[in-house]
Amino acid sequence: MLLFFFDKTVNPNKIAAAAAPASNVEKLNFNDVLNKSKQNLSISQKQFVEKIEKKIEDNKNEVSAKVNIYNQLAMFWKDSARVYEPYLFYTAEAAKLENSEK
Numbered sequence: 296m297l298l299f300f301f302d303k304t305v306n307p308n309k310i311a312a313a314a315a316p317a318s319n320v321e322k323l324n325f326n327d328v329l330n331k332s333k334q335n336l337s338i339s340q341k342q343f344v345e346k347i348e349k350k351i352e353d354n355k356n357e358v359s360a361k362v363n364i365y366n367q368l369a370m371f372w373k374d375s376a377r378v379y380e381p382y383l384f385y386t387a388e389a390a391k392l393e394n395s396e397k
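Start counting the sequence shown at 296; every next residue gets the next number (the numbering used here).
This list has only true hints and no planted wrong ones.
Computed spacing ranges between beta-carbons, pair by pair: (1) SER359 to LEU383: 14 to 24 Å; (2) SER339 to SER395: 33 to 43 Å; (3) LYS350 to ASN330: 12 to 22 Å; (4) ASP327 to GLU352: 15 to 25 Å; (5) ASN363 to VAL320: 33 to 43 Å; (6) ASN394 to SER339: 31 to 41 Å; (7) SER395 to GLU321: 32 to 42 Å; (8) GLN367 to ASN324: 18 to 28 Å; (9) ASN366 to ASP327: 18 to 28 Å.
By construction, these hints were calculated from the structure, which means they are not laboratory data. If you're wondering where the values come from, they're calculated on a predicted model, not measured in any experiment. We treat Cβ as the ideally placed atom computed from N, Cα and C, and that holds for glycine.
Throw the hints in and build the complete structure from the sequences for me.
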């Protein structure tokens with residue numbers, strides 16, 4: 296009875312099979328997701344997003360400005376476009392640049 300409680304109950308072959316990475320998994324490319332999301336926007340929304348994205352290139356060295364721009368883009372995708380993948384990406388980018396203990 297003690298062997299039942301203290302011995303391994305899982306076949307080691309099953310553990311190795313579960314831990315093996317899938318070789319045919321395709322990596323997610325954010326640019327593909329962003330381009331597909333932009334296709335569903337109206338013309339004015341596309342112009343707005345492109346205008347804000349140009350500001351990122353203009354403010355390459357200013358971290359606080361980039362954080363603000365990423366937050367603007369995140370809020371646009373959340374509130375106006377209601378597409379959450381770009382919202383999550385831009386929120387994560389702003390968080391990477393922000394120097395806080397949050």
